[in-house]
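Can you build the whole structure from these sequences, using the hints too?
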Amino acid sequence: MSSTPVRVRFAPSPTGFLHIGGVRTALYNYLLAKQTGGTFILRLEDTDRERFVVEGVEQIVQALDWFGLKPDEGFWEGEETGHVGPYVQSKRLPEYEKYVQQLVDAGLAYKSVIGTAEYEDMRKAAQIAKTAFVYRRSMESKSTNPDGKFPIRLDIEACMKHLKSRSIDWEAHDGVAQQIDPATIEDFVLLKADEFPTYNFANVVDDHLMEITHILRGNEFISSTPKHAVLFDVLGWKRPIWVHLPLIIGSDGAKLSKRHGDTDALQYRDKGYLPEAMINYLAMLGWNDGTEQEIFTADELVEKFSLDRIQKSPAKFDFERLDWMNGIYIREKLTEDEYVERATVELKASDVLRDDTSSELIRSAVLLERERIKVFSELPDFVSFFFKRPKVTKDLLTTKVAPETVKTMLEQSAAALDSVDKNIKGHDAIEKALRDLVIEHDYKSGEVFSSIRIAITGRTTAPGLFETINVLGVEETRTRIQAAVARL
RNA sequence: GGUCCCGUCGUCUAACGGUUAGGACACCAGAUUUUCAAUCUGGUAACCAGGGUUCAACUCCCUGCGGGAUCACCA
Numbered sequence: 010m011s012s013t014p015v016r017v018r019f020a021p022s023p024t025g026f027l028h029i030g031g032v033r034t035a036l037y038n039y040l041l042a043k044q045t046g047g048t049f050i051l052r053l054e055d056t057d058r059e060r061f062v063v064e065g066v067e068q069i070v071q072a073l074d075w076f077g078l079k080p081d082e083g084f085w086e087g088e089e090t091g092h093v094g095p096y097v098q099s100k101r102l103p104e105y106e107k108y109v110q111q112l113v114d115a116g117l118a119y120k121s122v123i124g125t126a127e128y129e130d131m132r133k134a135a136q137i138a139k140t141a142f143v144y145r146r147s148m149e150s151k152s153t154n155p156d157g158k159f160p161i162r163l164d165i166e167a168c169m170k171h172l173k174s175r176s177i178d179w180e181a182h183d184g185v186a187q188q189i190d191p192a193t194i195e196d197f198v199l200l201k202a203d204e205f206p207t208y209n210f211a212n213v214v215d216d217h218l219m220e221i222t223h224i225l226r227g228n229e230f231i232s233s234t235p236k237h238a239v240l241f242d243v244l245g246w247k248r249p250i251w252v253h254l255p256l257i258i259g260s261d262g263a264k265l266s267k268r269h270g271d272t273d274a275l276q277y278r279d280k281g282y283l284p285e286a287m288i289n290y291l292a293m294l295g296w297n298d299g300t301e302q303e304i305f306t307a308d309e310l311v312e313k314f315s316l317d318r319i320q321k322s323p324a325k326f327d328f329e330r331l332d333w334m335n336g337i338y339i340r341e342k343l344t345e346d347e348y349v350e351r352a353t354v355e356l357k358a359s360d361v362l363r364d365d366t367s368s369e370l371i372r373s374a375v376l377l378e379r380e381r382i383k384v385f386s387e388l389p390d391f392v393s394f395f396f397k398r399p400k401v402t403k404d405l406l407t408t409k410v411a412p413e414t415v416k417t418m419l420e421q422s423a424a425a426l427d428s429v430d431k432n433i434k435g436h437d438a439i440e441k442a443l444r445d446l447v448i449e450h451d452y453k454s455g456e457v458f459s460s461i462r463i464a465i466t467g468r469t470t471a472p473g474l475f476e477t478i479n480v481l482g483v484e485e486t487r488t489r490i491q492a493a494v495a496r497l
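When we follow this note's numbering, the leftmost residue of the first sequence carries the number 10, and every step to the right adds one.
A few of these clues could be false.
To be verified - Derived DSSO-like pairs (lysine-lysine); straight-line CA-CA distance at most 27 Å:
hint: 1; residue 1: K357; residue 2: K397
hint: 2; residue 1: K313; residue 2: K342
hint: 3; residue 1: K313; residue 2: K325
hint: 4; residue 1: K403; residue 2: K383
hint: 5; residue 1: K43; residue 2: K321
hint: 6; residue 1: K120; residue 2: K151
hint: 7; residue 1: K151; residue 2: K201
hint: 8; residue 1: K325; residue 2: K342
hint: 9; residue 1: K43; residue 2: K247
hint: 10; residue 1: K441; residue 2: K453
hint: 11; residue 1: K397; residue 2: K383
hint: 12; residue 1: K280; residue 2: K397
hint: 13; residue 1: K383; residue 2: K357
hint: 14; residue 1: K313; residue 2: K79
hint: 15; residue 1: K107; residue 2: K151
hint: 16; residue 1: K120; residue 2: K79
hint: 17; residue 1: K43; residue 2: K400
hint: 18; residue 1: K79; residue 2: K100
hint: 19; residue 1: K201; residue 2: K247
hint: 20; residue 1: K397; residue 2: K409
hint: 21; residue 1: K342; residue 2: K357
hint: 22; residue 1: K107; residue 2: K158
hint: 23; residue 1: K120; residue 2: K158
hint: 24; residue 1: K247; residue 2: K170
hint: 25; residue 1: K416; residue 2: K453
hint: 26; residue 1: K383; residue 2: K280
hint: 27; residue 1: K403; residue 2: K416
hint: 28; residue 1: K120; residue 2: K43
hint: 29; residue 1: K79; residue 2: K403
Unchecked claim - Okay, the calculated beta carbon distance ranges per label pair:
hint: 30; residue 1: S359; residue 2: T300; range: 38 to 44 Å
hint: 31; residue 1: H182; residue 2: E312; range: 56 to 62 Å
hint: 32; residue 1: S359; residue 2: K409; range: 28 to 34 Å
No wet-lab data here; the hints were simulated from the structure.
What you are looking at is a predicted structure, and each value in this text was computed from that prediction instead of being measured.
Cβ atoms here follow ideal geometry from the backbone N, Cα and C, with glycine treated the same way.
In structure tokens form, the structure reads like this:
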């Protein structure tokens, strides 16, 4: 466990919705911050004006809030806290301009006047020739439109000369060193023609100004790290520690994306997953503490999380395992009241309740389903019969037993329920009455119980029969049985 | 194609030179049982391949193969 307070940031871009991979990145940042008593910062990287999605900003905040990953500092619901703001990049343009100017003045960056079409042509030519295309200042052509707006590029060769180095060296948190040949890195754009910075530049400037100590980000950024390293060096800034997280991939092995249904992290809330279960699952996807423990509270994760036990290889997102874990949280980690409350919300949002359905009925119905559901979205369908009389068909009633027999069994059952001692609470009295019936007529208990089950629930699988009758009430049960008999 | 990363049951993973390669999800079987679950017990199932190094390799090295990421005035 690290002990020096750390400053980490989660820096999403509102070009779409936050997805599950982003949530895990945020989580690992969060865990490291909490563990060291450090600071978890939220920064908005909105430098892409073209693809900016207004609702994206709101969704990011909502999602982080639902997962319980509130930042200590930075952007939050339009408000900001912290001493190194603003935390929205579009509000930091003067900062970027300042450092770009500094680089230009030092001869390490230049205004790139090459036309877009010309640049594209060169790239295509290189592609056809199957050679690597690395753009250099020496390839600059005279612009046909000298008054136009142009981007500023970093001059890699000048930078290397300035740094008196022949290679770009950087190492990750685990000490694994990388030695990159600068010849493979082109003169990338720092400031776009619209005067907004690129990701590569804004990222470095902000991480430095915001005093970020550790950068935990997705593995897809690993190949842009040498660019960042050069920038830190050339600006004379201390480099942070880079930690690249293995990708979360879909069942086909490709990076998790919309194709796999991973469009929006909030969809897990809507499907009825518990945030605590999601956090637990996500934490284990790419990290473990080396023991066989797999259920962790948030506090335990904070305590035990460690950078050096982060997995290297990508992990497939396994919905079955997530469902299993969510099931554990539903039946073991939630208190009964918490469960009922959460379940009630789900039912009220559905159309299965009647206007006069009492909260007592909801409570007892929902409790009977607790160990059957994996996600709350299954609940309305499972319990609907408690509140509204089900449609019972003759076909369903007679799939296994002959119609006449079913009819007789049901009539006798209804009668047997009359003899239930109403002074005895619970389902024991009901069970006794029905079992006595089975013995008396030498029936197969499965046939009788199954028939009653179908008659009162309209389905072949349901919670325990006697508990169900008990919740429904003997009167209602008899009414339903009689309605079923009428169909035979 | 260039550069880089990765490679243990179907899936998530343990192992840090010496284990019958362990756990979990899923799956199968059994127990329980009024159905479905839940629970308990048991089972099937993996070191990408080939070379080295070593008394000993899943562990170290090399090559190959396979998968992925990235090559924008997107992040």
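Evaluated hints:
1. K357 - K397: Given that 27 Å is the threshold and the Cα spacing comes to 14 Å, the pair holds.
2. K313 - K342: holds, 20 Å
3. K313 - K325: Holds, because 23 Å separates the two Cα atoms, which is no more than 27 Å.
4. K403 - K383: violated, 31 Å
5. K43 - K321: holds, 23 Å
6. K120 - K151: holds, 11 Å
7. K151 - K201: holds, 18 Å
8. K325 - K342: holds, 25 Å
9. K43 - K247: holds, 23 Å
10. K441 - K453: With a Cα-Cα distance of about 15 Å, the restraint between K441 and K453 holds, given a limit of 27 Å.
11. K397 - K383: holds, 23 Å
12. K280 - K397: The hint holds at about 23 Å.
13. K383 - K357: Holds, at about 19 Å.
14. K313 - K79: Holds, at about 20 Å.
15. K107 - K151: Judged against 27 Å, a Cα distance of about 26 Å means the pair holds.
16. K120 - K79: violated, 40 Å
17. K43 - K400: violated, 53 Å
18. K79 - K100: Holds. K79 to K100 sits at ~22 Å (cutoff 27 Å).
19. K201 - K247: With a Cα-Cα distance of about 25 Å, the restraint between K201 and K247 holds, given a limit of 27 Å.
20. K397 - K409: At roughly 25 Å apart (the allowed maximum being 27 Å), K409 and K397 satisfy the hint.
21. K342 - K357: Holds, at about 23 Å.
22. K107 - K158: Cα-Cα ~18 Å, so holds.
23. K120 - K158: This hinted pair holds, its Cα atoms lying about 9 Å apart.
24. K247 - K170: holds, 19 Å
25. K416 - K453: holds, 15 Å
26. K383 - K280: With Cα atoms ~10 Å apart, K383 and K280 stay inside 27 Å; holds.
27. K403 - K416: holds, 10 Å
28. K120 - K43: violated, 43 Å
29. K79 - K403: Judged against 27 Å, a Cα distance of about 55 Å means the pair is violated.
30. S359 - T300: 38 to 44 Å: With Cβ atoms ~40 Å apart, the hint holds.
31. H182 - E312: 56 to 62 Å: Given range 56 to 62 Å: violated, Cβ gap about 19 Å.
32. S359 - K409: 28 to 34 Å: With Cβ atoms ~31 Å apart, the hint holds.
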